[in-house]
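My request is simple: use the sequences and hints to build the entire structure.
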Amino acid sequence: MSAVSAPKSLALRGVQAMALCAVFAMAFATSRMLVDAPAAATATAVGFLLLAGVLASELCEMVGLPHLSGYLLAGIIAGPHVLHLVQHDTVETLTKVNKLALSLIALAGGAELRLDDLKQGIKGLAYATLFQSTLALLICMGTFFLVAPYLPFLNGFSLPALIGAAGLWGVLAVTRSPAALLGILSQTRAQGPLTRFSLAFIMSSDVVVIVLLAFAFMFVRPVLIPGATFALSDLVAAGHEILGSVAIGTTFGLVLVGYLKLIGRALIVVLVALGFGLSEVLAYLHFDPLLVFIIGGLVVQNLSKQADKLLHAVEETGSVVYVVFFATAGAHLDLPLLASLWPVALALAASRVVATYVSHHVACRLAGDPPVIVKYGWTSLVSQAGLALGLAGVVSAAFPALSLPFQSLAIAVVAINEMVGPVLFKWALDRAGETRSAH
Amino acid sequence: MSPMTAFIGLLFLAYMGSVVVGGRAVRGYGLPSGSEYLLLGFLLGPYVLGILNREALEAMKPFLMVGAGWLVLVSGMDWGHVDDQPSSLKDILASALLALITGGLMFGAVFWVIGQLGPSTAKSRLLLAGAIAAVGMETTRLAVRWVIERYGAHGPLSRRIATLADADELPALLLVGALFVYIPLPATHIYVPPGGWFAITLGLGVVMGLISVALMGPELHHGEAQCLILGAGLLCTGLSTALGLAGVVSSFVLGVTLSRISPHRMALLAIMKKSEQPVLLPVLLLAGALVTLEDRRLPAILGVTLGARLLGKLLTGALLSATSTGRAAGPLLGLGLLPSGVVTICLAVSLSFRMGAKDGQLVLGAAVAMSLLGELLGPVSLRRALARAGELRNPTGTRSDPPGLAASQPAPDALGAGSVGP
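Residue numbers (the working numbering), protein chains in the order written: chain A, 1 to 439; chain B, 1 to 422.
Treat the hints with care, as some may be off.
Unchecked claim - List of simulated lysine-lysine pairs, DSSO-like, C-alpha gap at most 27 Å:
#1 Lys274/B / Lys123/B
#2 Lys96/A / Lys358/B
#3 Lys309/A / Lys123/B
#4 Lys274/B / Lys261/A
#5 Lys61/B / Lys99/A
Everything labelled a hint here was simulated from the structure, so no lab data went into it.
Structure below.
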C-alpha cells in the first residue's frame with residue numbers, strides 16, 4: 001500500500017481475518033451454486049483479488065511479510081489450482097491487463113531514477129552489471145547443465161545443443177523483477193543506498209537482458225534448430241530494439257513533460273490510455289515497452305520539474321495496480337507443475353540465489369561499495385515475475401526443440417523466486433534501516 | 001472499428017470527461033443530463049453510421065456493465081444527502097411516493113398499450129411495463145443541480161426539489177431488483193424462492209458494505225480504500241451478474257451502506273467522484289450506441305411512455321405547488337422535474353442486457369427518449385419555476401467563471417458533491 005500505517009490492534013486484525021473468510025465464502029458459494037460457468041467472471045475475479053489481496057497483505061504484515069506476498073497468496077488460493085474462484089481463462093484475460101500495470105510500474109521506476117544518484121554509484125553499477133551478466137549467468141548455465149540428466153525433454157540432446165539450452169537458461173536467470181522491487185518500495189517507502197542501488201540496477205538490467213538474449217539467440221540457433229546458420233541479424237534486431245525504444249521513450253518522456261507542464265489534468269486517464277495504446281503499438285513495432293516507459297520516466301525525472309506530479313499520479317493508481325498484478329501472478333502460478341518439478345526447480349532457484357550472491361560480492365569488492373550494499377544488495381535481485389515468464393515464452397516459441405517443457409520449468413523456478421524474493425528484499429531493507437518502520 | 005480502437009476511443013472520451021467537462025458541468029456548462037453523448041453514441045452506433053460496430057459493442061459490454069454499476073454505486077454514496085446533510089426519513093418517503101406516482105402511471109400506460117399492439121403474455125407485458133416504469137420514475141439530481149448551480153438558486157423550494165431528486169431513485173431500484181428475479185435466473189444447484197433472490201440482491205450490497213467498512217478500520221488509507229471500494233464494487237456487480245441478479249441494485253445498496261455507516265463518507269466520496277466523470281461519458285456513449293429503432297412497437301410505446309411521464313411529473317409538480325414552499329412556482333413546476341439521467345440510463349442498460357435483445361431495446365430506447373425530452377423541457381421549466389418563486393440569485397445564468405479558468409482549477413465538488421445554496 002502506499003502508506004505506512006500505525007500498527008493495527010489485534011481485534012481489528014481478527015475482524016479483517018473474518019472479513020477475508022466472508023469474502024472467500026461468498027465467492028465460493030456463488031461459484032458452487034451455479035450449474036453453468038458464471039457470467040461476468042472477470043469483474044468478479046478482479047474485485048475478489050482486490051479485496052482478498054488487500055486483506056491477505058494486512059494479515060501478512062503481522063508476521064513481517066511484504067504486502068506482495070499477501071497479494072500472491074490471495075491469488076494462489078483463489079486461483080484455478082486451489083479454490084477455482086478465478087478460472088484459467090479469466091487469468092489469461094487479466095494477464096492482458098497486466099501489460100498496463102507493467103507499463104505504469106516501469107514509468108514510475110524510470111521516474112525514480114535520478115541521474116545524479118546514478119553517477120554517484122556508476123562504478124558499483126557497472127561492476128554489478130558485468131558480473132551479474134557473466135559470472136551469475138555462467139553459474140546458472142553450469143547448474144542447468146548438471147541437472148540436465150534429470151530433465152526428460154533434454155534426452156538425446158548433443159553436447160553443443162545442451163550448452164545452448166543452458167545458455168538460454170542462463171539469460172533467463174539474470175532477468176529481474178522491476179514490479180516486485182517497486183511494489184516493495186511503494187509499501188515500505190524505503191530510502192537509502194540499498195534502495196538506490198536496487199532501483200538503478202534493476203531498471204537498467206532490461207537493456208542488458210535484451211543484448212544477452214540477442215547474443216544467446218545468435219549462438220544457440222545453429223545448434224538447436226536444424227538447418228539454421230550463425231547470423232548477426234539477431235544483434236541488428238537487438239540494436240534496433242534498444243535504440244528505437246530509447247528514442248521513442250525519450251520522445252514519450254518529452255511529450256509527457258509538455259503535457260504535465262501545460263495541462264497536467266486527468267493524468268490517470270492519460271496514463272491508462274498510453275499504457276494500453278502505446279504498449280500495443282510498441283509490441284507491433286517490435287520495440288520494448290518496458291524500456292520505453294522506463295526511459296520516459298527517466299526523462300521526466302531528469303529533464304523537467306514535473307516528476308513529483310507524475311509520481312503522484314502513478315502512486316494514486318499504484319495500490320490497485322500492484323494488487324491486481326501480483327494477485328493475478330499468484331493465480332497464474334501452476335502449482336501442480338511446481339509440485340511435479342520441484343526438486344529440479346528448487347535446485348535451479350537455489351543455484352540462482354547462490355550465483356547472484358557470489359557475483360554480487362565479487363562486484364562489490366572490486367567496486368568498493370558501501371557495506372550496506374555489499375551485505376544486502378543481492379536480495380533485491382532474487383525476485384522474478386512477468387518479465388522472466390514473458391522471456392520464457394519467447395524462448396519456447398523460438399526453439400521448438402525446447403518448447404513447453406522448458407517454459408514449464410521456467411514457470412516453476414519463477415514461482416519460487418516470486419515467493420521468496422520479495423520476502424528477502426523486505427527483510428534486507430528492514431535490516432539496512434531504510435524502511436520507515438525500521439526508522 | 002476493432003474493440004481495441006473502440007476502447008482507446010472511449011478512453012479519449014473519458015479524458016474529455018475529466019478535462020473538458022469535469023467540474024464544469026455542475027456549474028452549468030454542457031447539457032445537464034449529458035444527452036449529447038447519448039446522441040453521439042446513437043450516431044456512431046451500428047444503427048446509423050456504424051463506426052461503433054456490433055463487434056466492438058459486444059466487446060465493450062463488460063465495461064458498460066461495470067461502468068453502470070460504478071456510477072450507481074457513486075449515486076448510492078450520495079443518495080439522500082443534500083448539502084452533505086442526510087435527508088429526513090419523511091423527505092425520503094415523500095420522494096419515493098412521488099416517484100411512484102409517475103412510475104404507476106407509466107406502468108399502467110405501457111401495460112395497456114402493449115396489449116393493444118398484439119398478442120403477448122401477461123408476464124411479458126408486466127415485465128416490459130415494469131422495466132419502463134422503473135427507468136422512468138426518477139428525476140436526475142445532476143440536472144437539478146445544474147440549474148441550481150448555474151442560476152444560483154437558493155431557498156426552500158430549491159432545497160425541496162434537490163432533496164426530491166436526490167432521494168427518488170429508491171423505488172426504481174427496488175423495482176429493478178424485483179424484475180431481475182422475475183426473469184428466469186441461471187440454473188442453480190439449490191432452490192431459492194424469488195423473495196430469497198431479491199433479499200440476496202440487497203444483502204450482497206449490505207454485506208460488501210459492511211466488509212468494506214470493517215476492513216478500512218478507524219484510520220483511512222487512500223490506496224487501501226481505493227482498492228477496497230473498487231474491489232467491493234466489482235465483486236458486487238460480478239457476483240450479482242453471475243447469479244442473474246441486478247448488479248446495479250447491489251451496487252447502489254453498497255453505496256448507501258458505505259455512506260450510512262462509514263466514518264469516512266466524505267473522503268470516500270471524494271475518491272469516487274474523481275472517477276465518476278471519466279466513467280460517465282463512455283457509459284452514455286455506449287448506451288446511445290446500443291439503441292436501435294427496429295421494433296415496430298417502439299413509436300407507440302415511446303408515445304405513451306413520454307406522455308405518462310409528462311403527466312406523472314406534472315402531477316408531482318402540482319402536489320408540490322399545493323404546499324407552502326411550492327405555491328409561488330406555478331402549476332408547471334412538474335415540467336422542471338422531467339430530466340432523467342445517469343441512474344435511468346444505467347438501469348436501462350442493465351435491464352436491456354438481462355431482458356435480451358427485443359424488449360431490452362425498447363427499454364433502452366424509452367430511457368434515451370425520456371432523457372432527451374427531459375433535456376429539452378426540464379432545465380428551462382425549472383429555471384422559470386424557481387424564478388417565479390424568487391429563488392434565483394443569478395437569473396441570467398451568467399457563468400461565474402470562464403471555461404478556461406474552470407478547466408484549470410480543480411473542482412472539489414465535481415458532479416454531485418456540489419452544495420445547494422450557500
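Taking the hints in turn, this is what the structure says about them:
1. Lys274/B / Lys123/B: Cα-Cα ~41 Å, so violated.
2. Lys96/A / Lys358/B: violated, 33 Å
3. Lys309/A / Lys123/B: At roughly 57 Å apart (the allowed maximum being 27 Å), Lys123/B and Lys309/A break the hint.
4. Lys274/B / Lys261/A: Within the cut-off at roughly 21 Å; holds.
5. Lys61/B / Lys99/A: Between Lys61/B and Lys99/A the Cα gap is close to 21 Å, so the pair holds against 27 Å.
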